[in-house]
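Asks: What follows is each chain in one-letter form.
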Amino acid sequence: MKWIAAAPLAAMLVLLPSFAGDYYVNLASQILIAAIFALSLNLLVGFGGMTSLGHASYLGVAAYISALLTSRYGFGHGLAAIISIAGTTAMAAFFGIIALRATGLGFLMITLALSQVLWGLAYRMSGVTNGDNGIAGLTRPMPFGISLDSAASFYWFALISASFGYLMMAIFVSSSFGSSLKGVRDQPRRMAALGFNPWMIRWITFVYAGFWGGISGLLYVYYNKYIHPTSLSTTSSAEALLGVIAGGSGTLGGPVVGAALVLLLKNYASAYLERWNMLLGMVFLFIVLVVPTGIVPGLNKLAAALRRGSR
Amino acid sequence: MTPVIASHALEVTNLKKAFGGLVVTQDISLTIRPGERRLIIGPNGAGKTTLFHQISGDLRPSSGQIKLFGTDVTHFSPYKRAHFGLSRTYQIITLFSGDTLEHNVTLGLLGLRPARWQMWRPLSYYGNLATEARRTLDTVGLLHLADHPVSDIAYGEKRRVELAMALVQKPRVLLLDEPLAGLSNTERSQIKSLIASIPRETTVIMIEHDMDTALDLAETVTLLNYGRVIVDGDRDVVIADERTREVYLGV
Chain A
1 MKWIAAAPLA AMLVLLPSFA GDYYVNLASQ ILIAAIFALS LNLLVGFGGM TSLGHASYLG
61 VAAYISALLT SRYGFGHGLA AIISIAGTTA MAAFFGIIAL RATGLGFLMI TLALSQVLWG
121 LAYRMSGVTN GDNGIAGLTR PMPFGISLDS AASFYWFALI SASFGYLMMA IFVSSSFGSS
181 LKGVRDQPRR MAALGFNPWM IRWITFVYAG FWGGISGLLY VYYNKYIHPT SLSTTSSAEA
241 LLGVIAGGSG TLGGPVVGAA LVLLLKNYAS AYLERWNMLL GMVFLFIVLV VPTGIVPGLN
301 KLAAALRRGS R
Chain B
1 MTPVIASHAL EVTNLKKAFG GLVVTQDISL TIRPGERRLI IGPNGAGKTT LFHQISGDLR
61 PSSGQIKLFG TDVTHFSPYK RAHFGLSRTY QIITLFSGDT LEHNVTLGLL GLRPARWQMW
121 RPLSYYGNLA TEARRTLDTV GLLHLADHPV SDIAYGEKRR VELAMALVQK PRVLLLDEPL
181 AGLSNTERSQ IKSLIASIPR ETTVIMIEHD MDTALDLAET VTLLNYGRVI VDGDRDVVIA
241 DERTREVYLG V
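Respectively, the protein sequence lines represent chains A and B.
Read in order, the letters of the first sequence are residues 1 to 311 in our numbering.
Read in order, the letters of the second sequence are residues 1 to 251 in our numbering.
Don't read these hints as lab results, they were simulated from the structure.
Every value quoted in this text rests on a predicted model; they were computed, and no experiment measured them.
Even for Gly, the Cβ is constructed at its ideal location relative to N, Cα and C.
You may find that some hints are simply not true.
Now the in silico label distances, taken between C-beta atoms and shown as ranges [stated by the list, open to error]:
(1) Phe164(A) x Thr71(B): 52 to 60 Å
(2) Ser126(A) x Asp72(B): 55 to 63 Å
(3) Arg200(B) x Ala113(A): 52 to 60 Å
(4) Thr234(A) x Gly98(B): 26 to 34 Å
(5) Arg33(B) x Pro292(A): 49 to 57 Å
(6) Ala154(B) x Tyr268(A): 45 to 53 Å
(7) Asn300(A) x Gly127(B): 25 to 33 Å
(8) Leu273(A) x Asp152(B): 44 to 52 Å
(9) Leu302(A) x Asp147(B): 20 to 28 Å
(10) Asp212(B) x Arg189(A): 54 to 62 Å
Using the sequences and the accompanying hints, generate a full structural model.
Replies: See below:
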């Protein structure tokens with residue numbers, strides 16, 4: 001049943017550029033990038049029980065490293081991407097050691113503080129980052145000599161990356177390590193008594209989430225061909241967190257739906273309303289009140305209830 | 001006092017735990033032989049569970065030493081002690097309520113296997129874990145509920161899942177914290193025969209208030225009060241001791 005329903009959806013995703021205009025294709029690319037970012041955050045928030053308010057660090061740092069290496073130091077895109085992801089993952093490994101000294105609110109505050117430091121650096125170290133002006137005039141890579149400059153080609157590039165990311169993260173959470181992770185989220189003390197090392201399980205997950213956050217950052221900078229300190233800001237982290245919670249944390253579909261919702265609201269509402277953040281807030285308030293577990297678990301519940309009712 | 005033999009399953013020396021000015025266990029020393037059945041009794045607040053928390057590593061003692069089979073584990077983290085052959089159950093039921101009984105017991109197995117780090121294969125790939133988990137569930141009489149989530153089953157059954165999770169690890173030392181708490185008479189006798197059937201390779205240390213049931217299971221008894229060992233020794237000797245009557249039995 002699930003597969004039959006998924007097939008037309010998959011076909012629609014692949015064929016989107018053939019029936020939608022460039023504006024919508026670009027919007028879809030942005031949603032895919034936001035979806036990888038939200039999925040990686042969800043590894044921490046939903047599956048690990050570690051609520052982070054600094055996940056934009058990984059997106060932003062990966063984007064900045066790639067931008068600087070290609071525009072200022074003349075690196076090719078391939079090498080720049082490898083260095084950028086390796087650097088971002090190493091940073092996650094280091095930040096994880098600091099942030100995982102605490103859990104819960106303490107963890108949240110440390111991730112927030114660390115991301116604020118990076119945001120401040122991006123603003124103030126204008127000699128390196130160009131400060132508030134951001135770094136403009138960037139290029140997109142040309143994998144296997146294929147130009148990604150058109151909306152459709154970039155969309156397919158993003159679709160392949162996002163599908164791969166989704167698959168990898170789905171495997172991660174349903175693996176036996178994923179069972180260890182969910183166990184540590186629910187009953188850390190019991191898990192330790194059973195022989196699991198909660199700290200190590202959390203740290204590995206933190207690093208993995210940082211890795212995928214970095215991947216989304218690369219796509220982000222390729223898409224925009226521009227990077228600004230805002231992408232490192234708390235607002236950027238908080239938007240992703242809102243998306244995860246609204247879509248349904250701890251599910252695989254939830255963050256994708258949530259990220260799409262945030263992006264669509266941002267794009268459409270900001271065209272008509274100056275204070276579109278207010279609308280975003282109200283939509284989330286509505287979701288949290290009506291379906292506290294998020295849209296995807298809420299819809300699943302509804303579907304189950306309808307199936308029972310029709311019998 | 002019995003002379004100190006080299007091979008003790010558990011050796012606790014001058015264990016002290018204080019929360020600020022409140023001393024919960026002071027100067028507790030215990031030696032437990034491999035295979036022994038030890039019952040720890042004492043009034044509420046005597047420090048029994050705090051002693052267990054220190055043995056399992058959930059709490060770090062203020063001073064003193066804990067040895068498992070001759071190895072000093074005082075500074076081992078809880079998970080390392082589990083790999084050293086220590087398992088425990090909890091007074092307050094600590095299960096994974098959204099998961100099935102089979103999954104709960106499988107986690108007990110997974111904790112001691114390298115497969116817990118495996119990131120590419122689902123848990124279901126390790127079919128032998130599930131088989132073993134179901135066998136243990138059968139031992140505690142819950143095989144028919146193996147595919148139900150823990151949240152669906154009754155309190156008495158949850159107590160048995162607690163026990164199954166510890167038993168599946170085939171521990172060398174098993175700490176049971178009030179395994180009979182809140183159970184009906186029928187359930188008590190079920191758990192009692194389960195504990196009685198634990199193989200002798202496992203040393204069992206049990207906290208229990210229900211003396212009628214627990215005394216039958218015990219060979220030796222330790223009486224705690226105000227964080228101190230009051231009487232310690234063979235079951236009948238401790239029961240006959242005047243201080244036991246005074247502190248605990250209230251006769």
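Asks: Provide an ascending list of the numbers of those earlier hints which the structure does not satisfy.
Replies: Hints 1, 10 not satisfied by this model.
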